[in-house]
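Engineer: Spelled out from the first residue to the last, the chains are:
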Amino acid sequence: MSEAILEAQAADTLPGFDELLFEAIQSEAQPEVLKRKRAEAFSDYIQIATPTNRDEEWRRTDPALFPITEVKRLATLPQLDALPARPADEDFDVVIAVQADGFAIMRNNDTPEKLGITIGSLAEAAEQQPELVEQYLQGKALPAKSGKFEAFNDAFWNVGFFVHIPDNVEWEKGLLIRYNITQPDSLLVPRLVVVAGRNSRAVMAEHLESADDIRFIAVPERELYVDESANFKLVSLQEWGAQSYQITNDWGLVQRDANLNWITLNFGTTRSKMKFGSDVAGPGSAADMDGIFFASGDQHMDQRTLQIHSSPDTYSRLLYKGAVKDVGRSVYQGLIIARPGAIRVDAYQTNNNLVLDNGARADSIPGLLIDADDLKCSHGSTIGNLDPEQLFYLRSRGLDEETARRALILGFFEEVIDRIPQAFIREIVHRNIEAKMES
Amino acid sequence: MSDTQTYFEIRNLHAETEGIPILKGVDLSIKQGETHALMGPNGSGKSTLANVIMGHPAYEVTDGEIIFMGQNVLELDPEERAQAGLFLAFQYPVAIPGVSVAKFLKSAHDACHPELKSKSSEFLKELRENIKYLEVDDSFINRYLNDGFSGGEKKRMEILQMLTLKPKFAVMDETDSGLDIDALKVVSKGVNKLAGPNFGLLVITHYERILRYIHPDHLHILIEGKIVHSGGPELVKKLEESGYDWVREQFGQEVLVG
Ligand SMILES: Nc1ncnc2c1ncn2[C@@H]1O[C@H](COP(=O)(O)OP(=O)(O)OP(=O)(O)O)[C@@H](O)[C@H]1O
Ligand SMILES: [Mg+2]
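Protein sequences, first through last, are from chains A and B.
For what it's worth, my numbering labels the leading residue of the first sequence as 18, then goes sequentially.
For what it's worth, my numbering labels the leading residue of the second sequence as 2, then goes sequentially.
Because the hints were derived from the structure by calculation, they are not lab data.
Any given hint might turn out to be false.
Claimed, not checked - Calculated cross-link-like contacts (lysine to any residue; reagent style SDA-like; alpha-carbon spacing at most 20 Å):
| id | chain 1 | residue 1 | chain 2 | residue 2 |
| --- | --- | --- | --- | --- |
| 1 | B | Lys-107 | A | Lys-89 |
| 2 | B | Lys-118 | A | Asp-417 |
| 3 | B | Lys-190 | B | Lys-118 |
| 4 | A | Lys-453 | B | Gly-99 |
| 5 | B | Lys-167 | B | Asp-78 |
| 6 | A | Lys-89 | A | Glu-141 |
| 7 | B | Lys-104 | A | Arg-422 |
| 8 | B | Lys-107 | A | Lys-453 |
| 9 | B | Lys-155 | A | Glu-406 |
| 10 | B | Lys-104 | A | Ala-440 |
As the list claims (entries may be wrong) - Residues from chain A shown here face chain B by an in silico Cβ test under 8 Å; the list is partial:
| id | residue |
| --- | --- |
| 11 | Phe-34 |
| 12 | Leu-38 |
| 13 | Phe-39 |
| 14 | Ser-398 |
| 15 | Asn-402 |
| 16 | Tyr-410 |
| 17 | Arg-414 |
| 18 | Asp-417 |
| 19 | Glu-419 |
| 20 | Thr-420 |
| 21 | Ala-424 |
| 22 | Gly-428 |
| 23 | Glu-431 |
| 24 | Glu-432 |
From a predicted model like this one, the values you see are computed outputs, not experimental measurements.
C-beta: ideal position from N, C-alpha, C; glycine also.
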């Protein structure tokens, strides 16, 4: 047998993320269902080829940029009683704080309990409601079989949360999950599963931070299940530190007449690869996806979005606004997919990019994959510097050039910022944009 | 007083864009408290002159000077010109999505009048008064600058900015074009609120209409980048009745040939 064939048959593992580590994880105490699911994922993981920059999806962001084999997976995070509170916590009913040495679920009141909402670690939820949890660990939100890093997440996750909002529940103040990692050379593999029951309404926010002076990698996966007629909003604010990396895979499955509104705000990391998709899977369902990204210094941000329409009479709208500065680099690749039979579909995809310096670069690659007719579909992207006419207009009213540029850049993002429901997040977004403009 | 002599003066102004000469020696002198009108056929360079006065980076001044209250305007950045008291009401104001009218007006006001830097509440009070005076909807100030504004709304917005910034010398570039009678009256009202001995105004227009409300002391005709003829307000009627052909014939010879 040739070497090539031998190689193909061997398990394809990332060095250090092999059988040995996996056995150690499996020997930890955990509910049966999670153990089983990890095992299934591990067997997928070793069979899926590790991507290289020859794969279309990784052509513009070489997987070799992510030093995953040089960091150490944090041991499965234990639950702590409490962690220090922050002022913004008060805006939510429940706050989950995550650090390298553990996480705490802090309840500001008993509203969730009264409403019958489940908020817990995956382990705790699987312990208490194994059947319910198992239903949502089938990867049904994923439009296709797992990729390498989805299987990686499902096998190696070291912190996981399960949120279940029962049918007909209106949850106004919602949940904040905030991460703050300070452990050098560590790997966090967070897994989040959220279920918004039929006709429920809820909001959730995430705030991701790590120290600037440590190397750190995150490989998160989020699955959102939005059941019939539900309305679910999630805002993810990513401010990982300057030497951090992330590879994300996020999926939303939206059932009949339901509405998913997902806002992603990306400012941190040195290298990031983000994949993000929604499937308006039931007739009459809708997905709104908004995003901001800003790559400054030598940051590299690569985002791929999918708007999948599996049913007729579905709607999706995506607006991603990005800026690149210094020698920052961004890649946006969007795809609208209308599956066979998905007629009377409205799908809109817009990606606008500001290129603020000559050394910076933004690539925008919109796309359509349509297997149905009778649909309204549009995608468009723009790449350019600030409009000199707008700049002149503001300066002619007395604003100095720097102030005018700042106003235009903030104004460029404002359309998305305006849609962020939480004031404290809007404030942090402003702060990030201003800091990047000043740097 | 020398100030009134050289309040605003343009001498032999030449300007070009992308190597194409547009202004070919403009001379214009406006005394303090005066209103002048500038007329001329489409493409003759009226807006270019307005933009050059304000420092638009698309135009290169190749000769001549602009002096305002003893200052060499051409040495100043656009913002410094605004801070010195110059104002341009644009012919085609651009929309700036994401920048709210109120916020913008406050920062523009504070930049032009650091000495009057007012508290937000006082500023808003005055802004509301001006808005009422210009018969503009209150919701205006929370909208994004010119974004989705109708033509008439944009023109009122320009005048609102003028009232807010209280310039010493303003150029209004076809602010009257496309306005209905009511809007025209409102715009004129706005201008006349500023009018006085400490204000100079250059009104660029194609129509006699606005000059019924804003009475110019002098009228100039710009053809192919040069002021070929100046006169009193009586010139307006003649231009409306017979167009520019007679001007070309009488005064444009040199331009047409040279
Ligand atoms: N930025 C520019 N780039 C190229 N050409 C320009 C530019 N600005 C003005 N021009 C040209 O210069 C000439 C004068 O234009 P300008 O806008 O000043 O005329 P105008 O007198 O204001 O006309 P109108 O009455 O139509 O407003 C025109 O031929 C125009 O095409
Ligand atoms: Mg013009």
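Engineer: All hints are to be evaluated individually against the structure, with a verdict given for each.
Structural biologist: Against the structure, the hints:
| no. | hint | in the structure |
| --- | --- | --- |
| 1 | Lys-107/B with Lys-89/A | violated (52 Å) |
| 2 | Lys-118/B with Asp-417/A | holds (16 Å) |
| 3 | Lys-190/B with Lys-118/B | violated (26 Å) |
| 4 | Lys-453/A with Gly-99/B | holds (18 Å) |
| 5 | Lys-167/B with Asp-78/B | holds (19 Å) |
| 6 | Lys-89/A with Glu-141/A | violated (25 Å) |
| 7 | Lys-104/B with Arg-422/A | holds (15 Å) |
| 8 | Lys-107/B with Lys-453/A | violated (24 Å) |
| 9 | Lys-155/B with Glu-406/A | holds (16 Å) |
| 10 | Lys-104/B with Ala-440/A | holds (18 Å) |
| 11 | Phe-34 | violated (44 Å) |
| 12 | Leu-38 | violated (48 Å) |
| 13 | Phe-39 | violated (49 Å) |
| 14 | Ser-398 | violated (17 Å) |
| 15 | Asn-402 | violated (13 Å) |
| 16 | Tyr-410 | holds (5 Å) |
| 17 | Arg-414 | holds (4 Å) |
| 18 | Asp-417 | holds (5 Å) |
| 19 | Glu-419 | violated (10 Å) |
| 20 | Thr-420 | holds (7 Å) |
| 21 | Ala-424 | holds (5 Å) |
| 22 | Gly-428 | holds (3 Å) |
| 23 | Glu-431 | holds (3 Å) |
| 24 | Glu-432 | holds (6 Å) |
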